[in-house]
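> Model the full assembly from the supplied sequences, consistent with the hints where possible.
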Amino acid sequence: MKKISVGLIGCGSIALKHIRAIANNREDLVITSLCDPCKERAQRIKEECAGLTGYGDEISIYQDYRVMVDSSKPDFVSILTESGMHYAIAADCMRAGVNVLVEKPLALSIAEVDDLISLSELNGAKLGVVHQYRFNPLIRALRDRVVKGDFGTLYYGTTSVRWRRNANYYKQAEWRGTEAKDGGVLMNQCIHNIDLLQWLLGERAIEVFSYKQNYSHPYIETEDTVLGLIRFRNGVMGAFEGTISIFPRNLENRIALFGATGSAIIGGVALDRVEAWTFEEGRDYGIEDFGKRTEHQPFPEAHMHSEVYRDYINALVKGIEPETNGEEARKSIEIITAMRWSAEKGQPQRLPMEG
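Read in order, the letters of the sequence shown correspond to residues 18 to 372 in this note's numbering.
Honestly, the hints are just simulated from the structure, not real lab data.
DMTMM-like mimics (lysine to aspartate or glutamate), calculated; alpha carbons at most 25 Å apart, straight line: (1) LYS188 - GLU99; (2) LYS56 - ASP87; (3) LYS19 - ASP87; (4) LYS121 - ASP131; (5) LYS34 - GLU345; (6) LYS34 - GLU324; (7) LYS63 - ASP45; (8) LYS63 - GLU44; (9) LYS335 - GLU138; (10) LYS56 - ASP74; (11) LYS348 - ASP161; (12) LYS198 - GLU238; (13) LYS229 - GLU196; (14) LYS63 - ASP74; (15) LYS121 - GLU196; (16) LYS165 - GLU324; (17) LYS121 - ASP109; (18) LYS34 - ASP328; (19) LYS56 - ASP92; (20) LYS56 - ASP109; (21) LYS198 - ASP131; (22) LYS188 - GLU269; (23) LYS348 - ASP132; (24) LYS165 - GLU220; (25) LYS335 - GLU324; (26) LYS121 - ASP328; (27) LYS20 - ASP328; (28) LYS20 - ASP87; (29) LYS165 - GLU338; (30) LYS34 - GLU75; (31) LYS165 - GLU345; (32) LYS121 - GLU258; (33) LYS188 - GLU57; (34) LYS348 - GLU224; (35) LYS165 - ASP328.
Distance windows between CB atoms, simulated: (36) PRO265 - TRP192: 24 to 34 Å; (37) PHE275 - LYS56: 47 to 57 Å; (38) GLU371 - VAL84: 34 to 44 Å.
Given the structure is predicted, the values throughout are model-derived calculations rather than measurements.
Where a beta carbon is used, it is the ideal one built from N, C-alpha and C, also for glycine.
In structure tokens, the structure reads:
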């Protein structure tokens, strides 16, 4: 079978993880083009491609993604730019009939997300979004428990992102910490946890209430800490805590579910440690395929991104929707938008919300 050609748009720090993920799917994928306004940065990524994939000379470099799409004609593009550029680039590519896989967040507003979903349908372009934590083996096992009903009646879920981002982090890229290109701690650092919470609890959010604050980052335009409550259609409640002001370094990333017949907590710095796994039949660290992760044990390099690409390949080949498509990505962006509005107005925000 002919390999599926990929063009990467954006050659910043996240590009290396995508190259590793593509290399892990080398039987089906081949990188044919790279695009970045900085030619030197694209050249460095091209050299990394050669080392990780075994090829590189045939990869073309572009500084304008429109020229790349028109000249290279990849089967799909991965959009890895700053968050504020995702919408415009994805829209242009899909208008040209090109399939797109977009790093999170899909866009920075509900209106932009809705437009991308419409463009995907109108132009027959496959729209996928990189929510790689849905492919975390521990999260998959937790989701299986929910689907099987092992929690009995679900009561509530909680998630916490307790990380640190210092001034050096923001100096590395001028777009970080801006309203227009970054979107704040919710859109940047915490969107995966919000996505996971609503996905695991299994129903649409109907109301949120939140507070937000900038405690320790006077040099950015957005909040650095958000606390919120989410009420779901099935009566389940969710509690959220997200901050990048933890001293002195990243502390933990945690998600917990509690029900009538089950309790589970997945923690660690990167959702890679089982801290509680108890169900009616007795204590069960189960998940033998992944070992008893009671200590910090990182998953293989780019494992989750590799699974995102595997799912997207499957969608292209079979003509089906990716697991993390535009509609799925919209759910977390809607909750984030509602959280920010609630914090600004000082009152609960009902959902659904329009753009």
